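As they're listed, the protein sequences go chains A and B. The first sequence begins at 0 in numbering that gives the first Met the number 0 and counts up by one. The second sequence begins at 0 in numbering that gives the first Met the number 0 and counts up by one.
Among the clues, some could well be false.
Said to hold, decoys possible - Simulated restraints on C-beta separations:
1) B/46 - A/99: 52 to 58 Å
2) B/80 - A/117: 43 to 49 Å
3) B/16 - A/27: 51 to 57 Å
4) B/1 - A/182: 46 to 52 Å
5) A/17 - B/136: 50 to 56 Å
6) B/148 - A/3: 41 to 47 Å
7) A/38 - B/35: 52 to 58 Å
8) B/149 - A/117: 17 to 23 Å
9) B/131 - A/125: 53 to 59 Å
10) A/11 - B/78: 31 to 37 Å
11) A/86 - B/133: 56 to 62 Å
Just so you know, the hints here were simulated from the structure itself, not pulled from any lab data. All figures in this text were calculated on a predicted structure; none of them were measured in a lab. Positions of the beta carbon are idealized from the N, C-alpha and C atoms, including for glycine.
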Amino acid sequence: MNTDQLIAALSNGVEPVDPGAARRNLMLAAAAGFVAGLPLLLTLLGINPRLAQAALLPMFWVKLAFVGGLAAAGWWTVFRLSRPGAALGAPALALAAPVLVMGALALAAMLLAQADQRLALLLGSSWTVCPWRIAVLAMPAFVLMLWAVKGLAPTRLRLAGAGAGMLAGAIGALVYLLYCPEMAPPFLLVWYTLGMLLPAALGALVGPRVLRW
Amino acid sequence: MVAAQLGDSAAYAAFLRELSPLLRGFYRRRLFNLQDDIEDLVQETLLAVHNKRHTYDASQPVTSWLYAIARYKLVDLLRSRAGREALHEPLDEGHEELFTDPAPDADEARRDLGVLLQQLPDKQRLPIEYVKLQGLSVREAAQRSGLSESAVKIGVFRGLRVLAERIRGER
Numbered sequence: 000m001n002t003d004q005l006i007a008a009l010s011n012g013v014e015p016v017d018p019g020a021a022r023r024n025l026m027l028a029a030a031a032g033f034v035a036g037l038p039l040l041l042t043l044l045g046i047n048p049r050l051a052q053a054a055l056l057p058m059f060w061v062k063l064a065f066v067g068g069l070a071a072a073g074w075w076t077v078f079r080l081s082r083p084g085a086a087l088g089a090p091a092l093a094l095a096a097p098v099l100v101m102g103a104l105a106l107a108a109m110l111l112a113q114a115d116q117r118l119a120l121l122l123g124s125s126w127t128v129c130p131w132r133i134a135v136l137a138m139p140a141f142v143l144m145l146w147a148v149k150g151l152a153p154t155r156l157r158l159a160g161a162g163a164g165m166l167a168g169a170i171g172a173l174v175y176l177l178y179c180p181e182m183a184p185p186f187l188l189v190w191y192t193l194g195m196l197l198p199a200a201l202g203a204l205v206g207p208r209v210l211r212w
Numbered sequence: 000m001v002a003a004q005l006g007d008s009a010a011y012a013a014f015l016r017e018l019s020p021l022l023r024g025f026y027r028r029r030l031f032n033l034q035d036d037i038e039d040l041v042q043e044t045l046l047a048v049h050n051k052r053h054t055y056d057a058s059q060p061v062t063s064w065l066y067a068i069a070r071y072k073l074v075d076l077l078r079s080r081a082g083r084e085a086l087h088e089p090l091d092e093g094h095e096e097l098f099t100d101p102a103p104d105a106d107e108a109r110r111d112l113g114v115l116l117q118q119l120p121d122k123q124r125l126p127i128e129y130v131k132l133q134g135l136s137v138r139e140a141a142q143r144s145g146l147s148e149s150a151v152k153i154g155v156f157r158g159l160r161v162l163a164e165r166i167r168g169e170r
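All chains, full assembly: derive it from the sequences and hints.
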């Protein structure tokens, strides 16, 4: 087929597309990823019985803002990575912001704490399992995000895979928030971030293969 | 493009016809030894534009969207090519080592490099001559050629890439 024929075939009776579809599909995938993580949480861990009391503490909301902020910035990044030629500078800054704020809080907490309590602030009672649990709870979102991104047009596949994985990690962390009793900023900074980076690494690994179109 | 998203097929056809020469130029500049593949790539990119037209956002310049797709398709082709051609390599290399005497090769290389360099535009040739052959710093090369320092760096980088592709193409 020569190029003119191809153009005629493509343009003949071209169906309108919804320019908002990309945004909507990606939103739906993220929301579905969160919802799909809930039954996983209930079967594996359950919900923190003291969640209602925890919600009275300001730190609970700071934690929610940290994870939620990363999820929002991650979503924005993935949205940009899924469309050819879209700039990445602003979303990258947005991703760094929650980490920097939590880093400042963690530093303050460490400086204010007595020397013999600092290690406890960092390790909490669940540092050995926290990142793995977040990564596991992120898996439904991971699959959904990769699938949604593939349906758009990522052109930098490794980066897009990493972004989708990181967003899935943040969604997994949002789910885990309903169980996890840890509140210390140093703990959140290190282990929550690590929990999000695990699926991000997985995404970077499989991205070039899985996201190809 | 916006008209295409709304389903206006006449405007869409005109848009695709406008894209074809742009894409042909884009690929011709980048594929020196694979001229036969250009039209295939143009068609494949038009198809990708069509299939992914929902990912274009009207607030974005259409060229940045288009060239990102074009680049993606190019890399995709080169990668699959590289995978396939890697299978041939061991034999080719063996032959070269068996039948060539390295000394005359070096002379030829010098002559060939001169010939190849002449084919480059000044803004790539001068930076390479100054920085890579005469060993000047980027700043000195910039002063001598009248280019900016970043233009010198870009010139070296692009020029070397072009040279590498030409050399590969002649083998």
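Here is how each hint holds up against the structure:
no., hint, result
1, B/46 - A/99: 52 to 58 Å, "violated (43 Å)"
2, B/80 - A/117: 43 to 49 Å, "violated (55 Å)"
3, B/16 - A/27: 51 to 57 Å, "violated (35 Å)"
4, B/1 - A/182: 46 to 52 Å, "holds (49 Å)"
5, A/17 - B/136: 50 to 56 Å, "holds (54 Å)"
6, B/148 - A/3: 41 to 47 Å, "holds (45 Å)"
7, A/38 - B/35: 52 to 58 Å, "holds (54 Å)"
8, B/149 - A/117: 17 to 23 Å, "violated (47 Å)"
9, B/131 - A/125: 53 to 59 Å, "holds (56 Å)"
10, A/11 - B/78: 31 to 37 Å, "holds (33 Å)"
11, A/86 - B/133: 56 to 62 Å, "violated (38 Å)"
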